[in-house]
Amino acid sequence: MTDKIGRNLPCPCGSGRKYKNCCYRRDAEAAGGRARSFSDPEWLLMRRTEGEIVNAVGRFLPQHFGADAVARAWDEFSAGSTIAGEHLQESIFIPWLVFSWCSVPAQRGPAGHEPLPVTPALAYLAECGDDLDEYQREFILAACREPFTFFVVTAVEPCRSLTLQDLLLEREILVKERKATETLSRGHVIFARSVTLSGQSILLGVAPVPLPPDVQGHIFDLRDEIKKQVRTKGKLDPAMLLSLDDMLRGFYFDAADRVLNPPLPVLQNTDGDPLVPIRLKYTLACSPQQALDSLKSLVLPEFQEEILDDADFDAAGELVRASLTWQKRGNKMHPEWRNTSLGNINIDGERLEVEVNSEKRAAKIRSELRKHLGNRCMLVEEKRESAESLLQAARDRRDSGGGRRPAELHGHAVPPEFRNALKAQMKAHWDAWPDIPLPALKNQTPREAARTPRGRERLEALLIEFEHRNKSIPQPELRPDVAELRRKLGLEG
Numbered sequence: 001m002t003d004k005i006g007r008n009l010p011c012p013c014g015s016g017r018k019y020k021n022c023c024y025r026r027d028a029e030a031a032g033g034r035a036r037s038f039s040d041p042e043w044l045l046m047r048r049t050e051g052e053i054v055n056a057v058g059r060f061l062p063q064h065f066g067a068d069a070v071a072r073a074w075d076e077f078s079a080g081s082t083i084a085g086e087h088l089q090e091s092i093f094i095p096w097l098v099f100s101w102c103s104v105p106a107q108r109g110p111a112g113h114e115p116l117p118v119t120p121a122l123a124y125l126a127e128c129g130d131d132l133d134e135y136q137r138e139f140i141l142a143a144c145r146e147p148f149t150f151f152v153v154t155a156v157e158p159c160r161s162l163t164l165q166d167l168l169l170e171r172e173i174l175v176k177e178r179k180a181t182e183t184l185s186r187g188h189v190i191f192a193r194s195v196t197l198s199g200q201s202i203l204l205g206v207a208p209v210p211l212p213p214d215v216q217g218h219i220f221d222l223r224d225e226i227k228k229q230v231r232t233k234g235k236l237d238p239a240m241l242l243s244l245d246d247m248l249r250g251f252y253f254d255a256a257d258r259v260l261n262p263p264l265p266v267l268q269n270t271d272g273d274p275l276v277p278i279r280l281k282y283t284l285a286c287s288p289q290q291a292l293d294s295l296k297s298l299v300l301p302e303f304q305e306e307i308l309d310d311a312d313f314d315a316a317g318e319l320v321r322a323s324l325t326w327q328k329r330g331n332k333m334h335p336e337w338r339n340t341s342l343g344n345i346n347i348d349g350e351r352l353e354v355e356v357n358s359e360k361r362a363a364k365i366r367s368e369l370r371k372h373l374g375n376r377c378m379l380v381e382e383k384r385e386s387a388e389s390l391l392q393a394a395r396d397r398r399d400s401g402g403g404r405r406p407a408e409l410h411g412h413a414v415p416p417e418f419r420n421a422l423k424a425q426m427k428a429h430w431d432a433w434p435d436i437p438l439p440a441l442k443n444q445t446p447r448e449a450a451r452t453p454r455g456r457e458r459l460e461a462l463l464i465e466f467e468h469r470n471k472s473i474p475q476p477e478l479r480p481d482v483a484e485l486r487r488k489l490g491l492e493g
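Position 323, counted from 1, in the sequence shown is what the working numbering calls 323; the numbers after and before it change by one each time, with no gaps.
There's no promise every hint is true.
Below, simulated DSS-like cross-link-like pairs (lysine-lysine); rule was C-alpha separation at most 30 Å, straight line [stated by the list, open to error]:
{"#": "1", "residue 1": "K383", "residue 2": "K332"}
{"#": "2", "residue 1": "K281", "residue 2": "K383"}
{"#": "3", "residue 1": "K364", "residue 2": "K383"}
Have a look at the derived ranges for each label pair, beta carbon to beta carbon [stated by the list, open to error]:
{"#": "4", "residue 1": "L308", "residue 2": "E350", "range": "55 to 63 Å"}
{"#": "5", "residue 1": "D257", "residue 2": "D293", "range": "20 to 28 Å"}
{"#": "6", "residue 1": "C159", "residue 2": "A363", "range": "42 to 50 Å"}
{"#": "7", "residue 1": "L45", "residue 2": "V266", "range": "49 to 57 Å"}
{"#": "8", "residue 1": "L422", "residue 2": "R384", "range": "26 to 34 Å"}
{"#": "9", "residue 1": "E172", "residue 2": "P474", "range": "28 to 36 Å"}
{"#": "10", "residue 1": "P453", "residue 2": "G80", "range": "44 to 52 Å"}
{"#": "11", "residue 1": "E127", "residue 2": "N261", "range": "25 to 33 Å"}
{"#": "12", "residue 1": "S198", "residue 2": "H334", "range": "51 to 59 Å"}
{"#": "13", "residue 1": "E157", "residue 2": "L45", "range": "58 to 66 Å"}
{"#": "14", "residue 1": "I307", "residue 2": "G374", "range": "27 to 35 Å"}
{"#": "15", "residue 1": "K427", "residue 2": "E86", "range": "31 to 39 Å"}
{"#": "16", "residue 1": "D271", "residue 2": "N443", "range": "17 to 25 Å"}
{"#": "17", "residue 1": "D435", "residue 2": "G234", "range": "26 to 34 Å"}
Rather than coming from a laboratory, the hints here were simulated on the basis of the structure.
The beta-carbon is built from N, C-alpha and C at its ideal position, and this holds for glycine as well.
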């Protein structure tokens, strides 16, 4: 068998161009980079064999599967994907075409016998196997036995290797890689196929868009649903995933589309209500002091003495302006919070304004004002902002530099008292976190989840997600101490 494809022959990627004008340069650079990175003869043999087989099957394909084989395979492979075609072709389509695509060969067998669907690599092995050495034959069989599956990156050795946990087949592998270590980090989820021979593992086809760590929970749900369908409580096997290739690829394309085209976030307040900023304007038929006395009970008792700290009085000592915060005990979303601010009420002479952030709170405060002030206040205006306008305002602030931290924007540090208050609030949240039921843990608390293998699996996925997110959080006060959470939950080591 020829060791490499001729530079003037058609490129095996199916582009229709000569190899020298298409993938030759990329393949040469990749081979050179791999050779410089690794001196392991077994690894180099594996990568060289990969290139030999892919090139040989590329020449074999049109003769035995039809001149339109690549086009047919591409239509099947890419259905439902919004990823640019060239990215798919370069990263995953060619390995999938050679080792995974199942199609009835153009040349049928004896009359009355329908040929079994085989991959191009297996068809090539059946016809040309006598021209291959034992290692090449083993490589084809190993590659065709392995399905594309979902791996989470658990460790990265730059320019050397990736440690991967297979989320569907529940196994761990170490793959020698160079390029992937430059773009992937712990927590990334990839859709890929691994092949192992003689103790060496490589990735043979990696989808181009890495998925965020939070997709792990959905993949666990998918795995559980597959097990339910096949009625097994044990581990899935590679043959099962091979039969589900179309479904798994569709799952990946949907997840990748959400990464490339993220939906607008669902904005909610801490009661879980849709976020709608609302401003209510009233006229008062009473004095500011009378209005304040009537509404004072909307503030929790321990904060009522502070209401007048920032109030304004006229020369005669009469109240002119005052603000109060409408409050309640506890918090639906954060059980560790002792109280919740529901809105702001501003009294200014004959005017009263209320700011709340949901329709539900607006209805509630209208009822409270009728109850406490009766006909002494009259609603004259009600204004709303859309969620879209809030998102656009945030984008505008970011683009203009308004989204930067105060220390960056003004050249001075955030006030220590603010940092201390924020730090105390976050500490209270994470101290309570191990005992809060979480949807990501199937409504178990982290402490409960840590007691079972399946619970620990989801808990580890959640903690990896925290680690990944911490990299993009500039304020140290807002980053959870994942190592400390692991210690509290008995997950050390």
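These are the hints, each one checked on the structure:
As the CA atoms of K383 and K332 are separated by approximately 26 Å, the hinted pair is consistent with the 30 Å bound. As the CA atoms of K281 and K383 are separated by approximately 9 Å, the hinted pair is consistent with the 30 Å bound. In summary, the hint linking K364 to K383 is supported, as the alpha carbons are separated by about 16 Å, within the 30 Å threshold. Checked against the hint of 55 to 63 Å, the C-beta distance between L308 and E350 comes to roughly 19 Å, which is inconsistent with it.
Distance hint check for D257 and D293: the Cβ-Cβ separation is about 57 Å, which falls outside the suggested range of 20 to 28 Å. Checked against the hint of 42 to 50 Å, the C-beta distance between C159 and A363 comes to roughly 60 Å, which is inconsistent with it. Against the hinted window of 49 to 57 Å, the Cβ-Cβ separation of L45 and V266 comes to about 52 Å, which satisfies the hint. Between L422 and R384 the beta carbons are some 30 Å apart, a value that agrees with the proposed interval 26 to 34 Å.
The supplied range of 28 to 36 Å is met by E172 and P474, whose beta-carbon atoms lie about 33 Å from each other. P453 and G80 have their C-beta atoms about 34 Å apart, which leaves the hinted 44 to 52 Å range violated. Between E127 and N261 the beta carbons are some 43 Å apart, a value that contradicts the proposed interval 25 to 33 Å. Checked against the given bound of 51 to 59 Å, the beta carbons of S198 and H334, roughly 54 Å apart, stay inside it.
Range check, E157 to L45: about 21 Å between beta-carbon atoms, so the 58 to 66 Å window is missed. Distance hint for I307 and G374: a CB-CB separation of about 21 Å, inconsistent with the stated range 27 to 35 Å. Between K427 and E86, the C-beta spacing of about 49 Å breaks the proposed range 31 to 39 Å. Roughly 19 Å separates the CB atoms of D271 and N443, a value that falls within the hinted 17 to 25 Å.
For the pair D435 and G234, the supplied restraint of 26 to 34 Å holds, since their beta-carbon distance comes to about 32 Å.
Figure legend: structure checked against the earlier numbered hints; hints not met, in rising order: 4, 5, 6, 10, 11, 13, 14, 15.
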